[in-house]
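J.: These are the residues of each chain, in order.
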Amino acid sequence: MSDSLIKPRIERPPLSQVIEAKAPLFLVPVLMLIGLFAIGSGSTWLTLTAAGLAMGMMIFIMASGLTVIFGLMDVINFGHGAFISLGAFAGFTILGLLGGWIASPSIAMNLGAVLLAVVFAMLVTGLAGYGFERLIVKPVYGQHLKQILVTMGGLVVTQQLIYVIWGPDEIVLARPAAFQGSFVVLGAAIEKYRVLAIVIGLALFVAMRLVLNRTRIGLLVRAGVQNGEMVEALGYPIQKLFLAVFMAGCALAGLGGVMWGLYQETITAHMGAEVMISVFIVVIIGGLGSIEGCFIGAMLVGLLTNYTGFLIPKLALVSTILLMGAVLMWRPQGLYPVVKAH
Amino acid sequence: MSDALLTLDGVHTHIGPYHILQGVDLEVPRGGVTVLLGRNGAGKTTTLRTIIGLWQASQGAILFDGAEIQKEATPAIAQREIAFVPEDMGIFTDLTVHENMLLAARSGAIDEERLEWLFGLFPPLQTFWQSAAGNLSGGQKQMLAVARAIIEPRKLLLIDEPTKGLAPAIINSVIAALKELKEMQTTILLVEQNFSMARAVGDTVAVMDDGRIVYSGKMAELAADADLQERLMGLSLEAHQ
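As they're listed, the protein sequences go chains A and B. Each residue of the first sequence is one higher than the last, beginning at 1 in UniProt numbering. Each residue of the second sequence is one higher than the last, beginning at 1 in UniProt numbering.
The following block holds chain A by itself, in its conformation from the complex:
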């Protein structure tokens, strides 16, 4: 080939396009600023902001698995909430066995108990995800209506299994001693557990970004989200990747279940189904298949719920739906859609 025939051309996107691409990154700071002006009191704002970020992080943990499952596998998993509940109950079982560790004033023992509960919950939900994918999801790949029906069915069956194993009653889940109570920062009361939730959520976000952007598995997942057929044509068995991602997504739901259970301090078999409304809103706001969009969406939902809950309590329930409507009017496919609707 002659070099003179092909002139490489460096295309720099226009400024307006750059601003449009980066705009979602400013939504969270802008919402925080609006919250500060609307609330007035700095300490109240700080308390609500910490609560909102913690809530957002926990929703992100639960939603991240769902968005990747949808993005890669084109599977609408209405049964995702089952893994949130299952994870909470599995974690409860371990925390129950480690009563001494939880009651101990040692932060190391407290953290150890939470860590073991989380690991066990993720193992249980990951394995349950394996069975769920093989038995329920695999036969209905590419059939969205059937996916909704069978995964809803899977949700109901899992809830009933939780009743059978742990009983139908609401269970109180006590936080470890070190994560009870609050500390005061700049005159604002910040719950200790919320700080833990923020740290875990941030760590997960960073870890997911590293895995997706710096590893071969992550590369395959990102490619598979865009064009699964081509990934197969390059020689990679995408069905195995589907299964691994589904299990990982369910394990993340299990992690979210433990975190959410400790946050609410009570767990029920239907807690997962209840939180799924927020999870779906976050996935839709973020754009299907996008971890970054999911993270921003979760922060927006967490902050907005807390701000409106304080300012206009009657609006709190619908505020996130209004937010979703506003985002979709601006960007019909969500903030950072990886999977584009056709």
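Hints were generated in silico from the structure; no laboratory data involved. Hints may be right or wrong, so weigh each one.
Claimed, not checked - Have a look at the derived ranges for each label pair, beta carbon to beta carbon:
hint, chain 1, residue 1, chain 2, residue 2, range
1, A, G142, B, Q185, 36 to 46 Å
2, A, G142, B, D9, 28 to 38 Å
3, A, E274, B, P153, 50 to 60 Å
4, A, P332, B, Y18, 28 to 38 Å
5, B, D65, A, R134, 27 to 37 Å
Keep in mind the model is a prediction, meaning the values are calculated, not measured. Idealized CB from N, CA, C, for every residue including glycine.
Let chain A serve as the given structure and place chain B on it in line with the hints.
T.: Chain B in isolation, oriented as in the chain A frame:
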């Protein structure tokens, strides 16, 4: 014994209710370029997709290097060192050029020497190495699609209309790349509607119509016989450019 690397023997393919391939018999000689010609809807793309396993043959046999592959899954077929460049190029637009190439290197690393060779064939890939592939022009995307397919040595390349919608300069670069591959004894099955391109690189040719091969032979013979072209294609291949 035939020196065909790939043989299709009475291959039928159904897509939903449609019976697309209706008994395709085709031999792709080792180390040459076989061009698959035919009007739109004749079954050329389906033939390539059936070979790579994206659509399952409902009947017949596909032999690659002596082994039957028609029942195998796409990844297993690809791992037999068969590369596929689809009509839509199959570029991962959100990944960088580098990441697209890295993914195609199944060994896990890109061979530096081969990469230098590819940069020589397709200089824009070096220029845009760290850019998102979605930002490339149509011609550059096609270069990436072909380069990705040959980032490692492959026994067989299946390429579906690589010149579709491209500027003449880009077509020349694709022709040059295919000629170099031919010199390296890579076997290529090329679906092409551009006869200049087909004639420039093709050693053998097969013409499809209504899901069957209606002619196969030497490219030079078809190119020289206007009557045959008229009979097979309904128009002269020269007019088909």
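J.: Now look at each hint and say whether the structure bears it out.
T.: Structure-based check of all given hints:
The beta-carbon spacing between G142 (chain A) and Q185 (chain B), approximately 40 Å, falls within the hinted interval of 36 to 46 Å. For G142 (chain A) and D9 (chain B), the hinted distance range of 28 to 38 Å is satisfied, since their beta carbons lie about 30 Å from each other. Taking 50 to 60 Å as the suggested C-beta distance range, the pair E274 (chain A) and P153 (chain B) conforms, at roughly 56 Å. Distance hint for P332 (chain A) and Y18 (chain B): a CB-CB separation of about 33 Å, consistent with the stated range 28 to 38 Å.
A beta carbon spacing of about 34 Å between D65 (chain B) and R134 (chain A) agrees with the range 27 to 37 Å that was offered as a hint.
Taken one by one, the earlier hints all hold for this structure without exception.
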